[in-house]
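Dock chain U against chain Z, hints included.
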Amino acid sequence: MLPRLEPRSGVSAAMMLLTPAIAVGLTLIAGVIMFAALGFDPGRALYTFFVKPVSTLYGVSELLVKATPLAVIGIGLALGFRANVWNIGAEGQFTLGAICGGGVALAFHGVESWLVLPAMAVAGILGGLAWGAIPAFLRVRFNANEILTSLMLTYVATLLLSYLVHGPWRDPEGLNFPESRMFEDSALLPVILDETRLSIAAPIALLIVLAGWVVLSRAFLGFQIKVVGQSPAAASYAGFSEKRLIWTVLCVSGALAGLAGMFEVSGPIGQLHPVVSPGYGFTAIIVAFLGRLHPVGVLFAALLIALSYLGGELAQIELKLPLALTGVFQGMLLFFLLGTDVLIRYRIRFRRRGARIALPQGG
Amino acid sequence: MDTAAAVIVSMMAAATPLLYAALGELVTEKSGVLNLGVEGMMITGAVTAFATATITGSSAIGIVAGATAAMALSLIFAVLTLSLVANQVATGLALTIFGIGLSALIGQGYVGTPLDALPKLDIPGVSDIVFIGPVLFGHDFLIYFSFVMVGAVAWFLYRTRAGLVLRAVGESHDAAHAIGYPVIGIRYLAVAFGGAMAGVGGAYLSVAYTPMWIENMTAGRGWIALALVVFATWRPGRVLLGAYLFGGVTILQLHGQGFGLGVASQILSMLPYLATILVLVLISSDRALIRLNAPADIGRVFRPAS
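These protein sequences, in sequence, are chains Z and U.
Residue numbers are given in the numbering used here: position 52 of the first sequence equals residue 52, and the series is strictly consecutive.
Add 1000 to the 1-based position in the second sequence for the numbering used here, that's all there is to it.
Quick caveat, the hints were computed from the structure, so don't treat them as lab data.
Keep in mind the model is a prediction, meaning the values are calculated, not measured.
Heads up, some of the hints might be wrong.
To be verified - Residues from chain U that face chain Z, not an exhaustive set, calculated with beta carbons under 10 angstroms:
1. Asn-1087
2. Ile-1100
3. Ile-1132
4. Pro-1134
Idealized CB from N, CA, C, for every residue including glycine.
Bound conformation, chain Z alone:
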C-alpha cells in the first residue's frame, strides 16, 4: 500500500478551511515532542504557552495589542500574495512608518494639538507607501525581483532607524541611550481600556479588515487581483494592466505596514528605539497564509500568532524557555500548513503497488 496523490477535480473548499486547523494540531503535537525533548513537562509548557497568557483581561488586551499590527500588515500582504506579488519587506515598510510617524511626533514636541496624531498617521502611511513603492518601481521599470529588493530595503530601513536614534534623534535629556524622547500625550494613541495598552489602533485594525474584505469581494480591484492570481493569461486578455496592479498592491501593503509601524511607536512603545518590531513584518507573512489570504482569515490568524508571541514571552519568564521558541513554533506552523495544503488540490489514495487503472486518461 503506497500513499499517492491524486488530483481532485477542483479546489476543495472544505480543505481550505480544514488544513489550518490540521496544521495547528500538528504544530501542537510537534510542540509536545519538542518540550519533552528539552526536558519540560509538555502539559505545563503548552498551558503556559497557549492558555495562561489569555487567562486574564489584561492578557486578552495584550493579545489584541499584538494582533493589531499583524492583522494590519497581513491584510496588505494577502492582497499582494493573491496577485503573485511577493512583498516580503513589510518589516522595512513597518520601520519606515515608525520612523516617519515618530519623526512627526518629535518635530511637534511640545505642541498640544489633536492634529499631531493624524499628521503622524499620514506620515507613517506615506513612509511605508514610499518604501513599498520602490520595489514596485524597480519591478515595473527594471524587471527587478520584488522579493529581493523589498527584503534588502528592510535592512536599509533598520539601519536608518538605528542611525537616527543613535545620532540626530537621540533624546537630548536622556542618559545617552540610543532612543528618542518619550512622545508627548498628544502623540500617543488614546487607550480604550483602562489599565491596559489597548488603544484605538485595535478597532481601526478591525475596520481595515472589513475594508479589505469589501475590496476583495466587491470592488473591481479585488476582482482583478483574483483573476491575475488565478490566471495571468486571462487577466492580460481581459486587459488588466499587470503593471498598475503591481504598483497598487505594493503601495497598499506598504502603506498598511507603515500605518502599523506608526501605531506601534505611538501606542505600546511611545518613543523610537533601535528595534521597534519583534519581527511583525515577517510574521505577518505567516498570518497571511494561515488566514488563507482572506481578510477574515487573516484576522483569526493574527490572533493565533499573537498568542504565540505572548506565550513565548511568558514561557521565557516562567519556564526559562528561550524566546526563540516563538520563531520555531511559527516556522513549524507554516511548514505544516504548506504541507497539508496539498489536500486542497489533491486527495491521498492508498493503492497497492502495481495495480493501475487500465483506461488511459485523457490529456
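Just chain U, lined up with the frame of chain Z:
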C-alpha cells in the same frame, strides 16, 4: 602585511560565505527549483558548525556538521515543495523564519563563547613574501576549497552528462520526464547540494570569518547570495566575480571609517544591501539576458501526469 594585501585578504574572507551559498543555490536553481530559504540554512549551518566545533574541538567536524544540518533543513523544503507540491516561494520563506528561530534556540548556550579561528596556511618563507605571500598563500583551507568548488560546479554543469540532465530538468521538466529522467529525484539532490553549500557558507562565518556565535549573524547574506545568482546570470564563474565584488563592498564599509570618511557606521553598513539592489536592477533590466539564462521552469510545480 602591507595595506593592499590586507584589504585583498579580508575581501576574500568576506566573499567566501557568499560564494559557497550562491554556488549551491545556483545548482538548485539550475534544476528548476527556487529555494528562498538560503538565509535560514546558512544561519543553521553557522550555529551547528560553531556548537559542534566548540564541543569536539575540531573546526573540520564543525564544518561538516554545519553542512549536514543545513542539508537536513533543505530536505524539509524538498519534501514540501517536490513531494507535497507546496508553493516554493512560501516554503522558502518558512525555511528562513524557521532557521532563524532554530539557530537562536540552538545557539543560546554559545553566545560569547570563544573559538579558535580556522588555521591559515603558513608555509615558512613563502607565506612571508611581500604581497604575494599573504594574498596567495595565507588563507584557510575553506577559501582554497571554494575555488575548487567553482571549478567543480562549472565542470559538472557544462562538461558532464549528469550536469546536462540537471540542466534539462530545469529547462523543461515535462520533456525531461518524457525522456525518462527522474525529475523529482534529481531535484531532491540539487536542493540537498544547495543546502549543504549554504551550510558551509554559514559555517565559514562562525568558525573562520568571525569565530563566534551571534544571533542573526548572517545578516542577510543568504538573500544577497540569492541576488548574486541572478547577477551571475546562473554561471559559476560570474558567481565568483559577484561574490568578490560584494566582498569588496563589505570591506569598503568596514574600512570606510578607518579611512576617515565622515559617515555614520549605519549608513556605511547599508552599502552591501544598496549594492545588491543596484546590481539586480542593472542585470534584470536586460530582460532578454534574463530570459536567455534563467532556467525556464524555475519555481514551477512539477506533477508527472501518470
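Each hint, compared with the structure:
Checking Asn-1087/U against chain Z: minimum C-beta separation of about 7 angstroms stays under 10 angstroms; hint holds. The interface hint given for Ile-1100/U is met, as the beta carbon of that residue sits about 6 angstroms from the closest beta carbon of chain Z, less than 10 angstroms. Nearest Cβ of chain Z to the Cβ of Ile-1132/U: about 36 angstroms, over the 10 angstroms cut. The hint is violated. The closest approach between the C-beta of Pro-1134/U and any C-beta of chain Z is roughly 31 angstroms, which is over the 10 angstroms cut-off, so the hint fails.
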